[in-house]
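Protein chains in written order, with the UniProt record's numbering: chain A, 1 to 291; chain B, 1 to 291.
It is worth saying that the hints were derived from the structure and are not from the lab. Keep in mind that this is a model prediction, so the values were computed, not measured. Careful: at least some of the hints might be erroneous.
What the hints assert, rightly or not - Mimicking DSS-like on lysine-lysine, the simulated pairs with C-alpha atoms at most 25 Å apart in a straight line are:
1) K5/B x K92/A
2) K271/A x K264/B
3) K95/A x K283/B
4) K181/A x K246/A
5) K283/B x K271/A
6) K71/A x K5/B
7) K12/A x K49/A
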Amino acid sequence: MAADMRLPTIRKPVSLCSGERKDLVVPGDVITSDTGFMRGHGTYVDEDKLTASVAGEVQRVDKLICVRPLKTRFNGEVGDVVVGRITEVQQKRWKVETNSRLDSVLLLSSVNLPGGELRRRSAEDELTMRQYLLEGDLISAEVQSVFSDGALSLHTRSLKYGKLGQGVLVQLSPSLIKRQKTHFHNLPCGASIILGNNGFVWLYATPSNEEEEAGGFYTSLEPVSLSDREVISRLRNCLLALAAHKVLLYDTSVLYCYESSLQHQVKDILKPEVMEEIVMLTQQKLLEQEG
Amino acid sequence: MATVKVSEAEKVYILHGIRDDLRVDGRGCEDYRHVEIETDVVSNTDGSAKVTLGYTAVLVGIKADIGKPKPMVPNEGYLEFFVDCSANATPEFEGRGGEELGTELSNTLYKVFNNKHSVDLKSLCISAGEHCWVLYVDVLLLQCDGNLYDAISIAIKAALFNTKIPRVHISADEEGGKEIELSDDPYDCMRLDVENVPCIVTLCKVGHRHVVDVTLQEKACSVASLIISVTHKGTITCTRKVGGGSLDPESIFEMTEAGKRVGKALHAPLMALLQQEESLGKKRQKVGFLG
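Using the sequences and the accompanying hints, generate a full structural model.
Below is the structure:
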């Protein structure tokens, strides 16, 4: 019950890598004074020198130089796994909030409807759209295409995508999610995680029988067991700790962080000093594994 | 009020968690998130404090001005409240969007703080019926993640503790008129006694239980909440019910008891922290807004 009150402290970044990265720039940094390069996104020319206008990573493609910003909204690419929230039900489509600049769309024709994989969408289906997905519902989906204005078109045409049931959503920066072959993981600690490329991370109890979960629009409202809940809460706090110290998120880093946090109580993980300690341990483990 | 969308399944998850006394972030029902307090953050006020409670951040500035006492109470000064909802906190506050919430908050603050039992208003009197100190308390919401009342009350208490009112000397001139002279010495100032200043505890009814320090997600699951202001002795000075739902007398009683207990526990660490900060004096490392 006792409230934990403290004076704020200046947080130093916890980092074990000491090497200076040449490809990271802040606004105003001169990328090159060579005039042979082309000016891409995130750069401008100042006195014949190519200068960065955002903080981020320099990318070169032949003669084109771009800076990919670190603090950004989600710039989707085809094939990205996203977690999103339905904001609107419209004709033949749902609008989905995915942390992009524009709301994404999920077309009625790009979801798997119950009863038959490939059947024509009738007018009746259009009328019953709210029965499948309602405003506020969470879904996991894949980016099918990108429209010319940058809006994303999603699809859930696989059994692993679909409506999400009971669990916890953590909203982080999209730059912190590491691109991997799979973004769905059943962690050995007893919970599952969907690391959406858009920075939305979904934590849920690993479903016992596979066929019931995912893909369908049915969600179980049975209470989640206390032990699963504790694991999920611990993972949630671990994710926030890693994100606060800008550690790249993927299954291994999350799992190592979970293991490092086991000696603390779940609610203590978010205290700054505990957070620092856990992240430090995680980075050590990651370095050991690499080296 | 800033709101978030939460799906039905998420609500069920949160509800069951609170029933089992394990909330999404690992806290119990009567736990606060960790609080960071810094006073003396704005140099052009007489007293100021910045409080962050989880992801909720408020800034309070107090300015002392000489005014005329209210005719009903000629020997007392008074407090004025203004709550500014910055659009930085949430885009909903843009334009006049935050006005309603601001008025609601400031009305509650008047009730809680502007009476002689909370603040020693007599000490604000300069000459009865003619001059008194008016404390303008300005609250700025920087980030909203639920539980605004509690965060604001802690910040106000800290800012009142920090307030330094210059001493005044009244001298009579030949014609019998009075002249007020402010002391030139910046260290010659009067401090307020904040011992009896109450803290607000908001209890939200979620399912069949009540929780303190709700996040926005939890708030979305609750129908009604009770705002209680409690002094360090455990005396309740003000209660208010907010939200559309109803509360039965029995649960109001339970919530009041819990509020008393939690509120009492809030004061000791707060005062200890303020004393500690005060004793550091100039050695204190200022963090401010960039920490």
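The hints, checked one at a time:
1. Annotation: proposed proximity of K5/B to K92/A holds, straight-line Cα distance about 22 Å (limit 25 Å).
2. Of the pairs offered as hints, the one joining K271/A and K264/B holds, with about 23 Å between alpha carbons and a cut-off of 25 Å not exceeded.
3. Annotation: proposed proximity of K95/A to K283/B is violated, straight-line Cα distance about 54 Å (limit 25 Å).
4. With a C-alpha separation of about 21 Å, the suggested pairing of K181/A with K246/A holds against the 25 Å cut-off.
5. Pair hint K283/B plus K271/A holds up; C-alpha atoms about 24 Å apart against a cutoff of 25 Å.
6. Annotation: proposed proximity of K71/A to K5/B holds, straight-line Cα distance about 24 Å (limit 25 Å).
7. A distance of roughly 33 Å separates the Cα atoms of K12/A and K49/A; the hinted pair therefore is violated under the 25 Å criterion.
Violated hints, in rising order: 3 and 7; the structure is consistent with all others.
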